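Colleague: Got chain A; can you put chain B on it based on the hints?
2 protein chains.
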Amino acid sequence: MVVELVSVGTEILLGNIVNTNAAYLAEQCASLGLSLYYQSVVGDNEKRLKDTIKTAMKRSDIIILTGGLGPTKDDLTKDAAAKVLERELVEDEHTKKLIIEYFEKRKRVKVSKNNWKQALVPKGSIVIDNKNGTAPGLIIEEKKDKNIKRIILLPGPPNEMKKMFENDIKPYLSKLSDEVIYSVTVKICGMGESLVETEIADLIKEQKNPTIAPYAKMDEVHLRITAKASNENEAKKMIRPVVEDLQKRFGDYVYSTDEKETLEDAVVKMLKKRDLTLTAVESCTGGLFSGRIINVSGASDVFKQGYITYSNKAKHRLVGVQKATLKKYGAVSEKVAKEMAKGGATAAKADAAVAITGVAGPEGGTDDKPVGLVYIACYLNGKTNVEEFRFTGTRDKNRHSSVAKGLIMLRKMVLDLEKSEKKEKKK
Amino acid sequence: MVVELVSVGTEILLGNIVNTNAAYLAEQCASLGLSLYYQSVVGDNEKRLKDTIKTAMKRSDIIILTGGLGPTKDDLTKDAAAKVLERELVEDEHTKKLIIEYFEKRKRVKVSKNNWKQALVPKGSIVIDNKNGTAPGLIIEEKKDKNIKRIILLPGPPNEMKKMFENDIKPYLSKLSDEVIYSVTVKICGMGESLVETEIADLIKEQKNPTIAPYAKMDEVHLRITAKASNENEAKKMIRPVVEDLQKRFGDYVYSTDEKETLEDAVVKMLKKRDLTLTAVESCTGGLFSGRIINVSGASDVFKQGYITYSNKAKHRLVGVQKATLKKYGAVSEKVAKEMAKGGATAAKADAAVAITGVAGPEGGTDDKPVGLVYIACYLNGKTNVEEFRFTGTRDKNRHSSVAKGLIMLRKMVLDLEKSEKKEKKK
Chain A
1 MVVELVSVGT EILLGNIVNT NAAYLAEQCA SLGLSLYYQS VVGDNEKRLK
51 DTIKTAMKRS DIIILTGGLG PTKDDLTKDA AAKVLERELV EDEHTKKLII
101 EYFEKRKRVK VSKNNWKQAL VPKGSIVIDN KNGTAPGLII EEKKDKNIKR
151 IILLPGPPNE MKKMFENDIK PYLSKLSDEV IYSVTVKICG MGESLVETEI
201 ADLIKEQKNP TIAPYAKMDE VHLRITAKAS NENEAKKMIR PVVEDLQKRF
251 GDYVYSTDEK ETLEDAVVKM LKKRDLTLTA VESCTGGLFS GRIINVSGAS
301 DVFKQGYITY SNKAKHRLVG VQKATLKKYG AVSEKVAKEM AKGGATAAKA
351 DAAVAITGVA GPEGGTDDKP VGLVYIACYL NGKTNVEEFR FTGTRDKNRH
401 SSVAKGLIML RKMVLDLEKS EKKEKKK
Chain B
1 MVVELVSVGT EILLGNIVNT NAAYLAEQCA SLGLSLYYQS VVGDNEKRLK
51 DTIKTAMKRS DIIILTGGLG PTKDDLTKDA AAKVLERELV EDEHTKKLII
101 EYFEKRKRVK VSKNNWKQAL VPKGSIVIDN KNGTAPGLII EEKKDKNIKR
151 IILLPGPPNE MKKMFENDIK PYLSKLSDEV IYSVTVKICG MGESLVETEI
201 ADLIKEQKNP TIAPYAKMDE VHLRITAKAS NENEAKKMIR PVVEDLQKRF
251 GDYVYSTDEK ETLEDAVVKM LKKRDLTLTA VESCTGGLFS GRIINVSGAS
301 DVFKQGYITY SNKAKHRLVG VQKATLKKYG AVSEKVAKEM AKGGATAAKA
351 DAAVAITGVA GPEGGTDDKP VGLVYIACYL NGKTNVEEFR FTGTRDKNRH
401 SSVAKGLIML RKMVLDLEKS EKKEKKK
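Order-wise, the sequence lines are chains A and B. For what it's worth, the numbering used here labels the leading residue of the first sequence as 1, then goes sequentially. For what it's worth, the numbering used here labels the leading residue of the second sequence as 1, then goes sequentially.
Treat the hints as calculated values from the structure; they're not laboratory data. It is possible that some hints are incorrect.
Stated by the list, open to error - The list that follows gives simulated cross-link-like pairs (lysine-lysine, DSSO-like), each with its CA atoms no further than 30 angstroms apart:
(1) A:Lys131 / B:Lys217
(2) A:Lys260 / B:Lys397
(3) B:Lys208 / A:Lys117
(4) A:Lys313 / B:Lys273
Claimed, not checked - Restraint-style ranges between C-beta atoms, simulated for each label pair:
(5) A:Lys163 / B:Lys349: 45 to 55 angstroms
(6) B:Ile100 / A:Asp396: 18 to 28 angstroms
(7) A:Asp202 / B:Glu93: 24 to 34 angstroms
(8) A:Ile148 / B:Gly251: 55 to 65 angstroms
(9) A:Ile126 / B:Glu387: 45 to 55 angstroms
(10) B:Glu93 / A:Asn167: 50 to 60 angstroms
This one's a predicted model, so the numbers in the text were calculated from it and none came from an experiment. Note that the Cβ used here is the ideal one computed from N, Cα and C, for glycine as well.
Extracted from the complex, chain A is given alone in its bound form:
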């Protein structure tokens, strides 16, 4: 069955607010096994709203409209839907009672006349109580030729809409579909999107069910494998071999197959597993690396303290980078990065340290040290790796890329450590 989303409201249309409702509903519908081909946004204009509903009814079976159910005169969704479906608006007694209760609860004696408008519903529609507001949700089942078109109207405020979808709409929709969609994401770091794509060209060429879709995230590539089946277990069975194949192809580049796990989650988990502590010494990234690590709930077991050493003096004072090194090679250099990492680990009594120094831009670039030049050093148990990067993005992008590369380098070093230990054991 094909569902379509229509977001109603000039404030979304003109970009005053970001359309998070559509993202939420799209993900929900996908998880219900509904096919979603179109989303659209239209302002508070009756003619264009009616046109949008008509177009949607031609190409989709279920149309979910959000917004425009409020009490004001530019809330037009109900009127537009009623006109397209040629149904009159009738007062819903039950909703009227709820509106009165709602205002009594909030000690607002007088209900504004506009609010009664919210008790009007297209004749014959299923009314969904709104436990967090005054505008009810509506489901209208419209017989068209042999099949049924379903128009679902939901309030615009995300907290009202989500609760209503979760409690009432989801159960209603899940009854309609006899298929289940299930998907797993294989998350890859340290390899570019087009290279990943080349590696799986053969799979993508043959794909039917399950399908593979690559998503380029900031310095990562996510491969989403999606299967349609009669039930979740069946879908899982179809997906498993594909995931295993991808894990074979990409090996250590795969850092997770868990929808919720981020790269920093994976890195913190690795360190935790081996009781390794981590610190960071940051110059151009100025705390963003530590900030990303500490975004992992429970990072405190691994990360105790970090240093932001933006000036040369700070590099010397806080983590003991030698003045001579700074003088001879400059703050943005392989040597200084190495001393920052090693010195940071010593100062923080940590097993591992990531140090980042570079020219983030837009100012501060020279011919031999251009904007985007970044050195990242990674220290682990006495060993220090250092890499040179040349980023070409904005200051902000360069800094975030540096953080990602730091995480990837650290992860690789821990993996290499594990490998060498395994070798040792074999001997």
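Modeller: Okay, now just chain B, sitting in the frame of chain A:
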């Protein structure tokens, strides 16, 4: 002239990512005085993409498509547009050269075969260089009957798309209208959106030209004043009194009227002007505050070093928070926040310090110290202010809100210092 936005990508369609591009472009088009009636989202499917472009061309003069220009197999936007407009795809030599340079810069010897696909452009289109990626932007001017339809293709990654729009598309679009649209943004911090809106309800009610549109940003409210006139000076003249009125109404809450100036820019500028140096001592924000300060190019004059003190030990060792204070009040407390700020300023020999300690969540909350409880202390020239906040968002949102509040507190303290000095002078 009527513009329409089409966001291309299954990732957006299925809600894997929120459509921030559309919000950005809608805001930009509004500021250019273009009418926007429809936005739509379509997946990586050629037929549906073509249908969407056809529908858009029927009802709009300019169609801006974002996404689907990448090197992979499911990047179909160019092909779809070329087919709808019945133009063949030809290789653009200049773009090919840029792609080679792009990879050379990154020391990637081997350009993946897919990347050449990005050098193909619909015959006769205006090619826009992509300075932050490999997919060029495209403007196609299509004569239809008497008038011209314009199809604009932009890459999906926000950093690439925004740069391109700012540098090339905006100037191109503004030339199309004989009217000049000019807008100024009054940026307000430290006051909630609904309060701001109540303060200007009268202005919004009467508004015609110039118009005022409020945009709620993360812990800020931006008021965009837009005027249509025959020339820029005329428009500026119309806007000036409105800006002055708003500055009167909101006073110190206005931190900038400069489109490009961020809150951290404004704060660093204030500190620089008074030769004040700043440090930060961060627990739950783990470097995000320093990271935001250091995102200001040239922050090095103001910010030399910072401390990430995630563990109690680190709070004691790095900035000298007393063990007794930690023991008696706990790490998340007014007292500890104060000692963090004062101790940080001393350790870093800085004039000012911002300290942040709290329970970011989702774990770690207790009855008396729930998730979202954050203490922020701000030290300046011997004086320390501390505030308690109770945030209700996700871990990430709470941490970013904490950073914003820290900036706002610091700014207020510097403003108060300036005021008291002025008073002194008067005496």
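Colleague: Out of the numbered hints, which ones does the structure contradict?
Modeller: Of the numbered hints given earlier, the structure breaks none, since each of them holds.
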